[in-house]
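S.K.: So the chains spell out like this:
Protein chains: 2
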Amino acid sequence: MTNPLPTGATIGILGGGQLGRMLSVAAARLGLRTHIYEPGSNPPAADVANAVTTAAYDDTAALTAFAQSVDLVTYEFENIPTEALDVIEAITPIHPNRRALGTSQDRLVEKTFLQDIGLTVAPFADVTDAASLDAAVASVGTPAILKTRRFGYDGKGQSRLKTPEDAATALADMAGAPAVLEGFVNFSIEISIIAARNPQGEIACYDPGENIHRDGILHTTTVPAKLPPRLRTDAVLLAAKILNTLDYVGVMGVELFVTPQGLIVNEIAPRVHNSGHWTQNGCAVDQFEQHIRAIAGWPLGDGTRYADVVMENLIGDDVDAIPALAKEPNCAIHLYGKVETKAGRKMGHVNRVTR
Amino acid sequence: MTNPLPTGATIGILGGGQLGRMLSVAAARLGLRTHIYEPGSNPPAADVANAVTTAAYDDTAALTAFAQSVDLVTYEFENIPTEALDVIEAITPIHPNRRALGTSQDRLVEKTFLQDIGLTVAPFADVTDAASLDAAVASVGTPAILKTRRFGYDGKGQSRLKTPEDAATALADMAGAPAVLEGFVNFSIEISIIAARNPQGEIACYDPGENIHRDGILHTTTVPAKLPPRLRTDAVLLAAKILNTLDYVGVMGVELFVTPQGLIVNEIAPRVHNSGHWTQNGCAVDQFEQHIRAIAGWPLGDGTRYADVVMENLIGDDVDAIPALAKEPNCAIHLYGKVETKAGRKMGHVNRVTR
Numbered sequence: 001m002t003n004p005l006p007t008g009a010t011i012g013i014l015g016g017g018q019l020g021r022m023l024s025v026a027a028a029r030l031g032l033r034t035h036i037y038e039p040g041s042n043p044p045a046a047d048v049a050n051a052v053t054t055a056a057y058d059d060t061a062a063l064t065a066f067a068q069s070v071d072l073v074t075y076e077f078e079n080i081p082t083e084a085l086d087v088i089e090a091i092t093p094i095h096p097n098r099r100a101l102g103t104s105q106d107r108l109v110e111k112t113f114l115q116d117i118g119l120t121v122a123p124f125a126d127v128t129d130a131a132s133l134d135a136a137v138a139s140v141g142t143p144a145i146l147k148t149r150r151f152g153y154d155g156k157g158q159s160r161l162k163t164p165e166d167a168a169t170a171l172a173d174m175a176g177a178p179a180v181l182e183g184f185v186n187f188s189i190e191i192s193i194i195a196a197r198n199p200q201g202e203i204a205c206y207d208p209g210e211n212i213h214r215d216g217i218l219h220t221t222t223v224p225a226k227l228p229p230r231l232r233t234d235a236v237l238l239a240a241k242i243l244n245t246l247d248y249v250g251v252m253g254v255e256l257f258v259t260p261q262g263l264i265v266n267e268i269a270p271r272v273h274n275s276g277h278w279t280q281n282g283c284a285v286d287q288f289e290q291h292i293r294a295i296a297g298w299p300l301g302d303g304t305r306y307a308d309v310v311m312e313n314l315i316g317d318d319v320d321a322i323p324a325l326a327k328e329p330n331c332a333i334h335l336y337g338k339v340e341t342k343a344g345r346k347m348g349h350v351n352r353v354t355r
Numbered sequence: 001m002t003n004p005l006p007t008g009a010t011i012g013i014l015g016g017g018q019l020g021r022m023l024s025v026a027a028a029r030l031g032l033r034t035h036i037y038e039p040g041s042n043p044p045a046a047d048v049a050n051a052v053t054t055a056a057y058d059d060t061a062a063l064t065a066f067a068q069s070v071d072l073v074t075y076e077f078e079n080i081p082t083e084a085l086d087v088i089e090a091i092t093p094i095h096p097n098r099r100a101l102g103t104s105q106d107r108l109v110e111k112t113f114l115q116d117i118g119l120t121v122a123p124f125a126d127v128t129d130a131a132s133l134d135a136a137v138a139s140v141g142t143p144a145i146l147k148t149r150r151f152g153y154d155g156k157g158q159s160r161l162k163t164p165e166d167a168a169t170a171l172a173d174m175a176g177a178p179a180v181l182e183g184f185v186n187f188s189i190e191i192s193i194i195a196a197r198n199p200q201g202e203i204a205c206y207d208p209g210e211n212i213h214r215d216g217i218l219h220t221t222t223v224p225a226k227l228p229p230r231l232r233t234d235a236v237l238l239a240a241k242i243l244n245t246l247d248y249v250g251v252m253g254v255e256l257f258v259t260p261q262g263l264i265v266n267e268i269a270p271r272v273h274n275s276g277h278w279t280q281n282g283c284a285v286d287q288f289e290q291h292i293r294a295i296a297g298w299p300l301g302d303g304t305r306y307a308d309v310v311m312e313n314l315i316g317d318d319v320d321a322i323p324a325l326a327k328e329p330n331c332a333i334h335l336y337g338k339v340e341t342k343a344g345r346k347m348g349h350v351n352r353v354t355r
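Residue numbers (this note's numbering), protein chains in the order written: chain E, 1 to 355; chain Z, 1 to 355.
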């Protein structure tokens with residue numbers, strides 16, 4: 001892909017949630033169309049997309065027709081079955097590439113990759129059974145956290161070990177799934193950096209945001225983060241290293257722990273990221289448009305931030321505060337059009353422009 | 001309409017051009033859906049709307065089905081046939097209301113209304129034939145401009161009279177349509193103010209923007225306008241007077257001439273306005289969301305501007321500059337997805353965030 005996608009071209013998006021929704025809107029701003037592929041009914045992205053295919057990820061005929069109808073494919077989540085990707089990739093390009101996806105789909109592969117390219121990660125060890133968990137506890141120590149290698153998000157598929165005595169319970173929580181034991185990191189704050197790379201090899205990063213979680217789900221991201229300039233540079237450089245090594249095309253979210261010894265990489269997400277939503281009201285080119293620009297072969301936005309922003313997620317009943325939030329000056333509302341409110345469900349977010 | 005529209009409700013929009021497109025995106029941000037009614041094929045708004053009806057404005061069955069499928073109706077242009085509005089209004093509310101629409105659809109009615117509420121307009125006179133044109137020239141003087149009372153936009157349906165001798169040619173240009181002769185105004189700059197009012201009677205105005213036209217089409221809008229604070233206050237007050245008098249619900253664009261004697265109202269548009277596009281990158285709540293908030297009965301954004309912006313329209317071949325514009329820092333691109341470029345066609349705009 002050397003020529004930028006022209007007006008009227010169509011981007012296929014796997015997944016019809018809020019990230020796909022905001023990607024669709026960004027594509028429209030660039031004169032591009034979107035086609036959503038989503039197994040669930042009434043996906044949030046359908047409200048703002050040109051076309052929607054409602055089909056399962058093992059429906060080869062639907063995947064084939066979808067891939068044939070678009071100019072390239074991207075995705076809003078990383079847990080896409082390999083077989084679905086094989087069907088699509090035989091027909092049309094997928095960005096970010098399979099290596100990036102494969103790396104981030106599996107915590108063990110991801111941590112090994114990050115370590116291999118010289119970045120610092122929390123101590124970790126492979127866990128497949130009681131014996132390997134005992135060995136992992138011996139090497140990593142406690143407190144620690146046992147996580148499934150695949151399909152975890154928003155704190156799901158995780159179990160804490162305060163002491164080695166918690167091992168049996170934690171292993172049972174994994175329900176037989178391959179897992180990784182991670183040592184706890186003594187960090188002052190968690191930040192994330194949203195980075196992008198296009199096929200020409202240009203890289204652009206946004207200012208790191210400072211993340212606060214509640215109940216394992218992102219609660220707020222604040223820019224600027226309280227971060228020494230040296231660590232800001234470190235964050236940019238390590239993100240660039242990850243993207244270049246993976247020959248990455250698109251936006252990536254990189255979560256980092258800030259510690260007295262420097263930055264520790266927590267995890268990477270090969271997609272637009274909740275902690276980058278602040279860019280919608282702080283930058284001329286937000287992370288969604290940046291992702292579309294990257295995969296469409298356009299020049300990247302430079303990531304300049306022209307406002308201070310606090311992004312706050314609206315989880316479950318939080319959305320009941322909308323009438324009050326709508327009255328707040330400088331509070332930009334972003335709802336996802338989900339009619340049914342559920343506990344723990346991301347219903348929307350607000351960006352408070354604070355300066 | 002006293003209760004705000006809830007998530008999942010649907011707004012019908014008459015007209016599927018770029019204004020309908022940007023209204024749809026704004027509605028989505030508030031969790032609302034849109035249904036576009038547009039006679040032409042492949043309307044720009046269809047890319048980001050939930051539903052599209054392709055039918056003529058005299059198709060009563062289609063209008064009825066459309067009106068029944070939505071919670072309320074708004075529009076992106078003012079030249080909607082009265083009969084179509086009658087069909088819709090029998091079923092569901094239309095905002096802004098019929099009086100606002102009727103006033104702005106007819107230059108003579110508009111100017112008379114503005115004058116009647118105490119605002120200053122250019123000298124004008126009704127023209128139906130050669131005799132009334134002669135009388136109009138005698139009262140208004142030359143140079144002057146003869147405009148059709150209805151269906152004019154972007155400089156169309158207009159003819160200039162440098163001297164009284166141009167009268168016959170100008171009248172012929174009207175092709176028998178009822179017209180208004182307007183005296184020229186000696187103004188320093190043209191500004192416009194984008195104002196909004198909701199059913200609760202709240203009013204909010206954005207900072208006036210300074211407009212420059214080329215070939216009768218808006219070229220740039222710059223905020224802040226070079227305007228003394230006193231005139232800024234005058235602009236806000238006169239906009240509020242117009243909205244309150246019309247019991248208006250929605251966003252209105254008011255074009256004003258700045259003269260040594262104060263502000264002269266050029267024209268009003270009962271909809272989001274090209275000169276308000278800068279708000280997309282200068283405010284937490286842009287004019288499109290403000291319009292949706294108003295008609296949906298939500299609280300209004302306060303209109304605070306947090307950046308200096310220059311909006312530039314991309315007309316016809318201007319859009320060929322997109323590859324260069326995409327490389328410009330702090331240049332936000334907004335394309336309308338129109339595949340065919342035509343001379344004079346609005347293809348998109350950019351908002352340059354200048355501070």
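Derived by calculation from the structure, the hints in this document are not laboratory data. Ideal Cβ placement from N, Cα and C applies to all residues, glycine included. One should not assume that every hint holds.
In silico lysine-lysine, DSS-like type, Cα no more than 25 Å apart, as pairs [what the hints assert, rightly or not]:
{"hint": "1", "chain 1": "E", "residue 1": "K327", "chain 2": "Z", "residue 2": "K342"}
{"hint": "2", "chain 1": "E", "residue 1": "K338", "chain 2": "E", "residue 2": "K327"}
{"hint": "3", "chain 1": "Z", "residue 1": "K327", "chain 2": "Z", "residue 2": "K156"}
{"hint": "4", "chain 1": "E", "residue 1": "K241", "chain 2": "E", "residue 2": "K226"}
{"hint": "5", "chain 1": "E", "residue 1": "K241", "chain 2": "Z", "residue 2": "K156"}
Covered stretches of chain Z (chain E as the covering partner; in silico rule of three or more C-beta atoms under 8 Å from a C-beta of chain E) [unchecked claim]:
{"hint": "6", "region": "21-32"}
{"hint": "7", "region": "37-48"}
{"hint": "8", "region": "265-272"}
S.K.: For this structure, which hints from the list above don't hold up?
M.R.: 1, 3, 5 and 8
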